[in-house]
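Asker: Sequence:
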Amino acid sequence: MKTGLPIIAGIAWSPIIWIVVLATLGPGLFSLTGSWFVAQAVTIVITVLLISLLLRAFLRIGSKFYSEGK
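Each residue of the sequence shown is one higher than the last, beginning at 1001 in the numbering used here.
It is possible that some hints are incorrect.
[As the list claims (entries may be wrong)] Here are the in silico distance ranges between beta carbons for each label pair: (1) 1024 / 1060: 21 to 29 Å; (2) 1016 / 1062: 38 to 46 Å; (3) 1031 / 1055: 25 to 33 Å; (4) 1063 / 1012: 15 to 23 Å; (5) 1034 / 1064: 22 to 30 Å.
Calculated directly from the structure, the hints in this document are not laboratory data.
Virtual Cβ for every residue (Gly too), placed ideally from N, Cα, C.
Let the hints inform the model, and build the full structure from the sequences given.
Answerer: Have a look at this one:
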């Protein structure tokens, strides 16, 4: 797999994952905290963590299929 391709995929998917996380957890976080700013900050942290986990998984899967010499 190309070196920069997972990074581009992570950047491309980050708004989609952010919207999904915000739509599912945003109202609950807002009712708990009473602030949309805190809800947005928590969802951004969750989004960054999810994207990093997905990129690691894709890199691991890609290295199994596209490793040279095996």
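Asker: If any of the earlier hints don't hold here, list their numbers in rising order.
Answerer: 2, 5
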